[in-house]
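Peer 1: Here's the letter readout for the chains.
Number of protein chains: 4
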Amino acid sequence: MSHEQHADLIKTLHECTEACNHCYDACLREDDVKMMTECIRLDRECADICSFLEQALSRGTPFATELAEVCAKICEACGNECKKHDHDHCQKCAEACFKCADECRKLAS
Amino acid sequence: MSHEQHADLIKTLHECTEACNHCYDACLREDDVKMMTECIRLDRECADICSFLEQALSRGTPFATELAEVCAKICEACGNECKKHDHDHCQKCAEACFKCADECRKLAS
Amino acid sequence: MSHEQHADLIKTLHECTEACNHCYDACLREDDVKMMTECIRLDRECADICSFLEQALSRGTPFATELAEVCAKICEACGNECKKHDHDHCQKCAEACFKCADECRKLAS
Amino acid sequence: MSHEQHADLIKTLHECTEACNHCYDACLREDDVKMMTECIRLDRECADICSFLEQALSRGTPFATELAEVCAKICEACGNECKKHDHDHCQKCAEACFKCADECRKLAS
Chain A
80 MSHEQHADLI KTLHECTEAC NHCYDACLRE DDVKMMTECI RLDRECADIC
130 SFLEQALSRG TPFATELAEV CAKICEACGN ECKKHDHDHC QKCAEACFKC
180 ADECRKLAS
Chain B
80 MSHEQHADLI KTLHECTEAC NHCYDACLRE DDVKMMTECI RLDRECADIC
130 SFLEQALSRG TPFATELAEV CAKICEACGN ECKKHDHDHC QKCAEACFKC
180 ADECRKLAS
Chain C
80 MSHEQHADLI KTLHECTEAC NHCYDACLRE DDVKMMTECI RLDRECADIC
130 SFLEQALSRG TPFATELAEV CAKICEACGN ECKKHDHDHC QKCAEACFKC
180 ADECRKLAS
Chain D
80 MSHEQHADLI KTLHECTEAC NHCYDACLRE DDVKMMTECI RLDRECADIC
130 SFLEQALSRG TPFATELAEV CAKICEACGN ECKKHDHDHC QKCAEACFKC
180 ADECRKLAS
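Protein chains in written order, with my numbering: chain A, 80 to 188; chain B, 80 to 188; chain C, 80 to 188; chain D, 80 to 188.
There may be inaccurate statements among the hints.
Copies of one chain are not kept apart here, so a pair can be met inside one copy or by any two copies together.
[Unchecked claim] Below, computed lysine-lysine pairings styled on DSSO-like, alpha-carbon distance capped at 30 Å:
| # | residue 1 | residue 2 |
| --- | --- | --- |
| 1 | Lys185 | Lys162 |
| 2 | Lys152 | Lys178 |
| 3 | Lys185 | Lys152 |
| 4 | Lys185 | Lys163 |
| 5 | Lys163 | Lys113 |
| 6 | Lys185 | Lys90 |
| 7 | Lys113 | Lys162 |
| 8 | Lys178 | Lys162 |
| 9 | Lys171 | Lys152 |
Keep in mind the hints are simulated off the structure, nothing from the lab. Note that this is a predicted model, so its numbers are computed, not measured.
Build out the structure end to end from the sequences listed, making use of the hints.
Peer 2: Shown next, in the form of structure tokens:
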């Protein structure tokens, strides 16, 4: 079944969703919030698509490949933005995003 | 701004989400529900991605093109399934899906 | 059917989702973004619950009353925050939120 | 921070979302799908609100209590329906739902 076949990716998507939502929350609390606007924006994009794909995979979506391809792109973009910032939440988020992008690309290819 | 630029598509996505969710609900009430399982499944896939894209466009997502491409494929698949069934809710849903697929393709290309 | 019974509220939820997502996007582009962080945060909360309730009503959810009660509270809170800011997108968003809160309360009671 | 404070509930919500989406998928594949329509419907309601609350908690929502209260009710209803069916996926889903309802009620109270 789909949810077993994709168990590793579902876990990774879950961790990436968490990391992005936490980074979003933490960025909004930073003093230098003006510098973090692109990070805030991409964190939400990334959390939303990861959560969407997680649900889709666990219900056996017939569109796993197509959704994973888009998700990989969004994770990559979010990771690249987060990587620029020294905040611990940004660095951890970048790591979660790049891991998730890699696993999504494997499914998409 | 993004939400004005995409006002027509946002409206179409909203109508497609509604049609799919209504068709999903109505299929689950049909006597021949066994025949409707693929329709139920695709209605949910389609409602969820249309609602997702609608929100993404209205918040100025940088991934409009990529998301519209996936959305077009899912709308097309849902429309093709709904078209097979004579129920009024299926025929109306097919129409909403094909219209939405067309508009998504325009954005994606 | 549920989606006809709740047609007016579904439309209002859709408009509130749009207004909140647009306000979120616009707040992130403002020079005084530091002043807008609570607005950004509540815009997302409100857009997400309104979009959720819109989908739930259109699929005939058995939990319309309970969800509408929560949605009313979130719309109210978002409206109160937006009302504080002079930006046109905030004032328009406050108006959409208060209208939506009112209609949700009617369903919830 | 919110995502640490609620780490256990976030994990439980994630597991409940998975169980509900898997049960939904499996119900649609059953021969006796006509008997499973209420289960299919509630699985989706429950997966969607659990996924919503999971995201909300991980972004530090100010509405944790109110959302957890609604989520507890929906988990309870889904668990009660799943419990009626002997399918392994239904029994496992019921268990996940009741556990999640309990934890949500703790947060709500």
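Peer 1: Give a verdict on every hint.
Peer 2: Okay, the hints, checked on the actual structure:
1. In this homomeric assembly, Lys185 and Lys162 come within 30 Å of each other (Cα to Cα) only inside a single copy, at 22 Å, whereas the closest approach across copies is 34 Å.
2. Both within a single protomer and between protomers do Lys152 and Lys178 lie at most 30 Å apart by alpha-carbon distance, with minima of 12 Å and 27 Å respectively.
3. Both within a single protomer and between protomers do Lys185 and Lys152 lie at most 30 Å apart by alpha-carbon distance, with minima of 13 Å and 21 Å respectively.
4. Taking the closest pair of Cα atoms, Lys185 and Lys163 come within 30 Å of each other only inside a single copy of the chain (25 Å); across copies the shortest separation is 34 Å, beyond that limit.
5. In the homo-oligomer, the alpha carbons of Lys163 and Lys113 lie at most 30 Å apart both inside one protomer (14 Å) and across protomers (20 Å), since each shortest distance falls under that limit.
6. Taking identical chains as interchangeable, the C-alpha atoms of Lys185 and Lys90 lie at most 30 Å apart whether they share a chain (15 Å) or sit on different chains (25 Å).
7. In the homo-oligomer, the alpha carbons of Lys113 and Lys162 lie at most 30 Å apart both inside one protomer (17 Å) and across protomers (22 Å), since each shortest distance falls under that limit.
8. Within a single copy, Lys178 and Lys162 get their C-alpha atoms as close as 13 Å, which meets the 30 Å cut-off; across copies the closest is 38 Å, which misses it.
9. For a Cα distance limit of 30 Å, the shortest separation of Lys171 from Lys152 inside one copy, 18 Å, qualifies, whereas the shortest one across copies, 33 Å, does not.
Comparing the model with each earlier hint shows no violations; every hint is respected.
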